[in-house]
Amino acid sequence: MTSEAGTAAAHRAIEAVWRIESARIIAGLAGLVRDVGLAEELAQDALVAALEQWPAEGIPPNPGAWLMLTAKHRAIDRIRRNERLGARLSLLGRELETEQHSVPTEFDDVVDSDEKMGDDLLRLMFISCHPVLSTEARIALTLRLLGGLTTEEIARGFLAAEPTIAKRIVRAKQTLASKQVPFEVPPPAERPARLASVLEVLYLVFNEGYSAMAGDDWMRPALCAEALRLGRVLAELMPAEPEVHGLVALMEIQASRVHARLSLAGLPVPLLEQNRGRWDQLLIRRGFSALLRAERVGGPPGPYVLQAAIAACHAQARAPEQTGWARIAALYQALALLTPSPVVELNRAVAVAMASGPERGLEIVDRLATESALAGYHHLPSVRGDLLSKLGRHGEAAEEFRRAATLTRNIPERTVLLQRADDCAERIQPTTR
Amino acid sequence: MRFLVTVNGGGAPPDEQLFAEMGRFVEELTRAGVLLATGGLDRGTHVTSSGGNITLTDGPFTESKEVIVSFALIEVRSKEEALELARRFWKMVGDGEGDIRQVFGPES
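Protein chains in written order, with our numbering: chain F, 1 to 433; chain D, 1 to 108.
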């Protein structure tokens with residue numbers, strides 16, 4: 001191996017260590033300096049030091065501990081130079097003094113106990129998804145601080161310009177500092193709303209990855225894996241929150257279909273037409289056990305648990321015709337009560353049509369036709385077209401599919417819709433024309 | 001991306017301390033959302049298929065060093081991450097042999 005290739009390999013190994021350790025290091029430092037922006041800078045300093053020293057010296061036996069200790073030393077340097085942070089010096093100084101007497105051999109000697117570390121990680125999740133930040137900023141900050149993604153990777157994942165993401169992250173950190181947002185797990189009164197924000201961010205990241213098309217940058221589908229990973233981490237940190245398990249279950253089961261949802265030509269394959277042999281049974285089982293954990297915690301099911309239960313109904317069916325549509329319709333009804341939305345109602349219409357016949361479904365869809373929130377939503381005419389064609393009203397169905405095609409900006413999807421419109425048009429009997 | 005990390009036989013059986021350390025390691029990987037499945041393997045039955053003849057032979061096999069005795073299926077973001085985790089595992093276990101191989105999903 002040439003020395004250049006050797007250095008490149010060493011850098012990749014260091015990046016891997018960084019990916020594994022960075023969230024815990026940033027969280028631990030933020031717990032100390034109470035400023036996530038500063039914590040991340042300190043952690044980055046430690047990474048730079050690692051990139052300088054490790055290629056020559058090799059990766060230390062406890063890379064996480066090494067990075068943490070280095071970052072803490074940088075913290076001391078910075079704090080000495082910064083009067084504003086002077087008050088924190090004594091605390092840090094005391095901690096470091098005790099550490100310098102004994103060379104740390106175990107990660108736990110330098111880094112705090114598992115429990116403390118878990119608390120800091122949880123605080124980092126909550127602050128990254130804090131409501132003072134815009135949704136975009138929450139997403140970027142979460143991927144950056146908890147996912148250990150670079151600005152460039154986040155930009156590629158979200159099809160955005162790198163400077164835009166960089167600015168977003170800088171501003172988010174400034175906002176948290178200027179508004180003096182505390183680094184804490186929110187008090188019980190605020191917790192449900194704050195947790196909902198964390199779950200929303202993870203699900204948005206997941207869906208961004210899930211919407212990736214064939215030929216997209218690999219960073220886009222990687223967002224699914226990242227959201228799922230962070231969800232699993234959160235589930236271990238907050239095992240008593242059923243909605244966390246619900247979201248994990250939902251993401252596990254949806255992720256199980258990743259390889260079945262696009263055809264070889266890159267066209268989206270509807271759920272009922274997917275090859276179920278390509279569903280990942282390992283993820284499905286993980287989804288089921290997450291759903292069981294949510295049920296064991298108890299309480300009335302929340303929106304994520306309900307959505308996961310719906311996904312589980314599909315995952316359970318060995319063949320499309322074995323799908324428990326009545327149960328799915330009932331779950332959508334429960335979901336509509338919790339989070340009333342025309343989109344949920346439209347999904348309920350599909351389930352009702354499958355359980356009780358297309359007429360029943362069409363009744364619900366027709367009630368939605370005046371819903372302004374769905375005015376530009378291509379799924380409405382697409383579902384209506386599907387139900388009409390099942391009722392033999394092919395002319396109307398073709399019209400709906402064409403309307404749906406004009407409403408979607410997704411080209412593969414449009415191709416499918418236009419194909420369905422043509423199929424319907426062909427079926428129109430000459431006498432009924 | 002998924003990797004199957006396997007451990008071959010022939011190593012010293014784990015003592016109580018190693019057992020506890022392994023438990024902690026497995027717990028940490030689970031908490032990190034990395035570990036998908038893990039398990040130990042029986043000696044099992046060896047299959048040979050040749051010219052339409054299928055022969056089934058029960059273990060034990062001659063070289064236990066060549067037989068996989070346990071595995072972990074992990075989901076990580078890069079090959080380097082898998083290698084780093086395997087490095088940590090082997091540092092804990094001590095002498096022995098095993099493999100780290102990427103698992104291709106149902107897509108390929």
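Don't take every hint at face value.
Partial chain D-side listing against chain F, Cβ under 7 Å, derived [stated by the list, open to error]: (1) 43; (2) 78; (3) 80; (4) 84; (5) 97; (6) 98; (7) 101.
If you want the ones that stay clear, here's a sample from chain D, every Cβ over 10 Å from chain F, calculated [what the hints assert, rightly or not]: (8) 32; (9) 48; (10) 52.
It should be emphasised that the hints constitute simulated quantities derived from the structure, not laboratory data. Ideal Cβ placement from N, Cα and C applies to all residues, glycine included.
Exercise for review: Could you check if residue 78 of chain D really has its C-beta closer than 7 Å to a C-beta on chain F?
Suggested key: Holds: closest Cβ of chain F sits about 6 Å from residue 78 of chain D, inside 7 Å.
Point to revise | Per-residue hint verdict: residue 101 of chain D, partner chain F, C-beta under 7 Å | key: With Cβ-Cβ at 16 Å, over 7 Å, it is violated.
Point to revise | residue 32 of chain D and chain F, when compared Cβ to Cβ, separated by more than 10 Å | key: Given a closest Cβ separation of 6 Å, the condition is violated.
Check your understanding: Hint check: is the beta carbon of residue 98 of chain D less than 7 Å from a beta carbon of chain F?
Key -> With a minimum Cβ separation of about 19 Å from chain F (threshold 7 Å), the hint on residue 98 of chain D is violated.
Exercise for review: Identify whether the interface hint at residue 43 of chain D stands, where standing means a beta carbon of chain F within less than 7 Å of its own.
Suggested key: 25 Å, violated
Exercise for review: Classify the label on residue 48 of chain D as holds or violated, using whether its beta-carbon is more than 10 Å from each beta-carbon of chain F.
Suggested key: At about 28 Å from chain F, residue 48 of chain D clears the 10 Å cut-off, so the statement holds.
Review point. Given residue 84 of chain D as an interface hint, is the shortest Cβ-Cβ distance to chain F below 7 Å?
Key: The hint holds - residue 84 of chain D has a Cβ within 7 Å of chain F, the shortest such distance being about 5 Å.
Check your understanding: Minimum Cβ separation between residue 52 of chain D and chain F greater than 10 Å?
Key -> With a cut-off of 10 Å, residue 52 of chain D remains clear of chain F, as the shortest Cβ separation is near 27 Å.
Practice item. May I ask you to test the interface hint for residue 80 of chain D with respect to chain F, counting a Cβ-Cβ separation under 7 Å as satisfied? Key: Interface hint status for residue 80 of chain D: holds (4 Å vs cutoff 7 Å).
Check your understanding: Does the interface hint hold: is residue 97 of chain D within less than 7 Å of chain F, judged Cβ to Cβ?
Key -> Nearest chain F Cβ about 21 Å off; hint violated.
Violation of the numbered hints given earlier is confined to hints 1, 5, 6, 7 and 8; the remaining hints are satisfied by the structure.
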